[in-house]
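Engineer: Now for the letters of each chain:
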Amino acid sequence: MQKEQLEKISETFDVLLPQSKEIFLLLVTLQNKIDKQEIEDPFTQRDFEDAVDEVARIVHPGHTTQKENISKKLSQFYYTTLKKGNEYRYQLTVFARDLVSIIMTEVEPQFEETELIHTFKRTLQLNEDDLKTIRNFEYWYNYHYEPSKRIIMAHSENLQRLVEAKTSDLRTLLRTDISNTKELITRFIEIFEQLGRQTVGLTETMNFKLELIDTIKNAEQNFLDKKESWEVYSKIRTEVEKFFDNIDLRVLSINDRIQLSTSRLKTLYDTLQYKQLFKLKIEKFLIFLLKNSTWSVDKVLLPENVTAKKIPYFREKYTKIPNLNFTEVVPKDVPELEEDAEYKKLKEMMNMRVLNRQEAISKWLELLSKKIEDGKDIVFEDCFKDIYNEEKNLEVPIDVCFGLIQKYGRSKDMEIVIDQSSIIKAKDDLTTWKMKIIPSNS
Amino acid sequence: MENENHSLEFLNTEASAKYFADCDFALKSGKHIQHYNSEAKLWDYISDHYEQLMNYYEHLFGVFLKKESNDRDVYFYLEFPEGGSGKFTGDRHRIMDDRHLIISVLLLNIYKERFFDSKELKWTQIEQIIDESEHKELWQKTLYGEIKRNYTPNEKEEMKRRFERSLSLFERLGWINWIEQEACHFEIMPSIDRVARLYANEITNVELMSEYINEQLS
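From first to last, the protein sequence lines are chains U and D.
Oh and the first sequence: position 343 is 343 in the working numbering, straight run, nothing missing.
Oh and the second sequence: position 124 is 124 in the working numbering, straight run, nothing missing.
Hints listed in this document are in silico derivations from the structure and should not be mistaken for laboratory results.
Treat the hints with care, as some may be off.
[Claimed, not checked] Here are the simulated SDA-like pairs of lysine to any residue, each with C-alpha atoms no more than 25 angstroms apart in a straight line:
{"no.": "1", "chain 1": "U", "residue 1": "279", "chain 2": "D", "residue 2": "157"}
{"no.": "2", "chain 1": "U", "residue 1": "291", "chain 2": "D", "residue 2": "215"}
{"no.": "3", "chain 1": "U", "residue 1": "275", "chain 2": "D", "residue 2": "144"}
{"no.": "4", "chain 1": "U", "residue 1": "299", "chain 2": "D", "residue 2": "213"}
{"no.": "5", "chain 1": "U", "residue 1": "166", "chain 2": "D", "residue 2": "141"}
{"no.": "6", "chain 1": "U", "residue 1": "166", "chain 2": "D", "residue 2": "136"}
{"no.": "7", "chain 1": "U", "residue 1": "299", "chain 2": "D", "residue 2": "70"}
{"no.": "8", "chain 1": "U", "residue 1": "291", "chain 2": "D", "residue 2": "55"}
{"no.": "9", "chain 1": "U", "residue 1": "33", "chain 2": "U", "residue 2": "2"}
{"no.": "10", "chain 1": "D", "residue 1": "136", "chain 2": "U", "residue 2": "304"}
{"no.": "11", "chain 1": "U", "residue 1": "275", "chain 2": "D", "residue 2": "119"}
{"no.": "12", "chain 1": "U", "residue 1": "279", "chain 2": "D", "residue 2": "62"}
{"no.": "13", "chain 1": "U", "residue 1": "291", "chain 2": "D", "residue 2": "218"}
{"no.": "14", "chain 1": "U", "residue 1": "275", "chain 2": "D", "residue 2": "133"}
{"no.": "15", "chain 1": "U", "residue 1": "121", "chain 2": "U", "residue 2": "143"}
{"no.": "16", "chain 1": "U", "residue 1": "132", "chain 2": "U", "residue 2": "226"}
{"no.": "17", "chain 1": "U", "residue 1": "310", "chain 2": "D", "residue 2": "147"}
{"no.": "18", "chain 1": "U", "residue 1": "166", "chain 2": "D", "residue 2": "166"}
{"no.": "19", "chain 1": "U", "residue 1": "310", "chain 2": "D", "residue 2": "215"}
{"no.": "20", "chain 1": "U", "residue 1": "67", "chain 2": "U", "residue 2": "121"}
{"no.": "21", "chain 1": "U", "residue 1": "284", "chain 2": "D", "residue 2": "117"}
{"no.": "22", "chain 1": "U", "residue 1": "291", "chain 2": "D", "residue 2": "69"}
{"no.": "23", "chain 1": "U", "residue 1": "299", "chain 2": "D", "residue 2": "141"}
{"no.": "24", "chain 1": "U", "residue 1": "279", "chain 2": "D", "residue 2": "218"}
{"no.": "25", "chain 1": "U", "residue 1": "275", "chain 2": "D", "residue 2": "141"}
{"no.": "26", "chain 1": "D", "residue 1": "141", "chain 2": "U", "residue 2": "276"}
{"no.": "27", "chain 1": "U", "residue 1": "279", "chain 2": "U", "residue 2": "250"}
{"no.": "28", "chain 1": "D", "residue 1": "119", "chain 2": "D", "residue 2": "147"}
{"no.": "29", "chain 1": "D", "residue 1": "119", "chain 2": "U", "residue 2": "276"}
{"no.": "30", "chain 1": "U", "residue 1": "392", "chain 2": "U", "residue 2": "403"}
{"no.": "31", "chain 1": "D", "residue 1": "136", "chain 2": "U", "residue 2": "139"}
{"no.": "32", "chain 1": "U", "residue 1": "281", "chain 2": "D", "residue 2": "18"}
{"no.": "33", "chain 1": "U", "residue 1": "309", "chain 2": "D", "residue 2": "66"}
{"no.": "34", "chain 1": "D", "residue 1": "141", "chain 2": "U", "residue 2": "290"}
{"no.": "35", "chain 1": "U", "residue 1": "299", "chain 2": "D", "residue 2": "74"}
{"no.": "36", "chain 1": "D", "residue 1": "112", "chain 2": "U", "residue 2": "33"}
{"no.": "37", "chain 1": "D", "residue 1": "112", "chain 2": "U", "residue 2": "143"}
{"no.": "38", "chain 1": "D", "residue 1": "41", "chain 2": "D", "residue 2": "66"}
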């Protein structure tokens, strides 16, 4: 069902809602002329065309409007054609009138609080008959409460919007470039006092709800006998109470804002000039700081002529001590160690190999160092082979040669000489650099 | 006490037993006490014993208990004497960080701008100032360190984190009140006016300061 409705709206959307402000303004103009009895209802083709011209002068001054097009767009949902005597006349549809009315209420809220409370008393008032049967009570709910609820909601929404708009206008007062600010303040005070009176009117209307809720509560026993009646009664009662609670909060919030603005306006009247100038200077100071501050390694640095200020600062620091209860210590089980004999033997062998290698390296280093100190040349290639042949471990000669380079590489008395000629053919499987350590003076 | 003016008799009252310690801790932590929420009781206590407390802090700590008002909202705080900090030496005081100052002046400006409005502020509104205001480039330079067309989510997160650090300090000082800290939603408190008092000289002479900087640059 919902899908069908959506499809229907989608199909007719272009003609269902006014697609240009021109069309909507035309509807408003026609309705307005009818209300003021400037034109007859139903109106003539001539009245229609005059209204189109009037709107065109506002929307597109100096342009001509396609009256036929507009007439065609309106014909489906907004007016019906009637024959009166020899001529055809037009009448706005109920839909068109309601649409205009809704929009007009939004843009031009009516604050006739006396009338509002009068309406409530007339429509919301509950009498004995309304509460005699659940059917009567439901009738009151649907045809008295629901429409009144809409009026109250619309009224409070409008008031809220108006207060917000006026509050927003107030910001202009703090500008220094507006003339006659004091006169403007006086005007704002008047507006807000008027808004305040309207809130009072609304609040008085809301007081009426207490009486209403009490009457509903007192009728409780009328609906206790049947389950269905009780359920309907409870539902209505909860809804009414909830609605009035919500409206109460809304009215209180509007009232607070009005009172705040009114009192501030009165204060502002005396201190306006100073406030305007000070506000302006704060803004200038902020821009000054922004313009002249520099950024250095994740830090902002203020301009040099702004000195940093000190403020008290004392933060208590508490170290959280863990709460240990020694009276209830549960000893943890210590797992029994299992010895892996094979792994242990392997590890011992590995350690022994490393130890033997270290020992061999030390032995060779000591031997070769002694040779060097005795003034003999050390030819790396020969040493390398000798060590390898004896130790049968390539790591030992590499580490020994590296150790010699480390020890004598920077020595002034020794020189490491490398034969840079390329090796054409290796005699053995292994070829080392042709490197010698010789005394510097040799 | 030797001197009657510095009598500590007031500490023997029931009210002092109840509220003095909290007031003392709060004031020494730099808090600005306002008539707001749970602080209202402390505010009442200070207000009732203002003269005695003023003497207490001046005589024993060498600082001044100040009572100032922003329009109609009165707040209390401790102020250091000019050029000193009384007994608040070492780590008992802090220097307003440069970034904190800029952000506090921003909040002060917003507070003054919203003379008639709610002083609640959400992160989206701050972002709007940084990304869309007339001075967005200056804000970006100050808060991000560089001006770019777009910032990465990490850069934005880092900037927000830095901003929130300032806000957390302001909350401890009583300049703002968190409404929903996780959403960075807060209310600027009347005591933000203290920033204007701390930097009154600079604010009043802002034009001269600008001229000085311009001369230095030229």
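Engineer: Between residue 279 (chain U) and residue 62 (chain D), is the straight-line Cα distance small enough, at 25 angstroms or below?
Structural biologist: violated, 33 angstroms
Engineer: Holds or violated: are the alpha carbons of residue 309 (chain U) and residue 66 (chain D) at most 25 angstroms from each other?
Structural biologist: holds, 16 angstroms
Engineer: Quick one, are residue 275 (chain U) and residue 133 (chain D) close enough, alpha carbons at most 25 angstroms?
Structural biologist: holds, 23 angstroms
Engineer: Is it true that the CA of residue 112 (chain D) sits at most 25 angstroms from the CA of residue 143 (chain U)?
Structural biologist: Judged against 25 angstroms, a Cα distance of about 49 angstroms means the pair is violated.
Engineer: Below or equal to 25 angstroms on CA atoms is what counts here, so check residue 166 (chain U) against residue 166 (chain D).
Structural biologist: Cα-Cα ~34 angstroms, so violated.
Engineer: Assess, step by step, whether the Cα of residue 291 (chain U) is no farther than 25 angstroms from the Cα of residue 215 (chain D), and give holds or violated.
Structural biologist: holds, 15 angstroms
Engineer: Given the hinted pair residue 279 (chain U) and residue 250 (chain U), is their alpha-carbon gap at most 25 angstroms?
Structural biologist: At roughly 32 angstroms apart (the allowed maximum being 25 angstroms), residue 250 (chain U) and residue 279 (chain U) break the hint.
Engineer: So if I understand the rule, the pair passes when the alpha-carbon distance is 25 angstroms or less; does residue 136 (chain D) with residue 304 (chain U) pass?
Structural biologist: holds, 23 angstroms
Engineer: Given the hint that residue 299 (chain U) pairs with residue 213 (chain D), does the C-alpha gap stay at or below 25 angstroms?
Structural biologist: Given pair residue 299 (chain U), residue 213 (chain D) holds - Cα atoms ~20 angstroms apart, limit 25 angstroms.
Engineer: Within 25 angstroms, alpha carbon to alpha carbon, are residue 275 (chain U) and residue 144 (chain D)?
Structural biologist: violated, 32 angstroms
Engineer: Given the hinted pair residue 310 (chain U) and residue 147 (chain D), is their alpha-carbon gap at most 25 angstroms?
Structural biologist: violated, 31 angstroms
Engineer: Within 25 angstroms, alpha carbon to alpha carbon, are residue 141 (chain D) and residue 290 (chain U)?
Structural biologist: holds, 8 angstroms
Checked against the numbered hints above, the structure breaks hints 1, 3, 5, 6, 7, 8, 9, 12, 17, 18, 19, 20, 22, 24, 25, 26, 27, 28, 31, 32, 35, 36, 37 and satisfies the rest.
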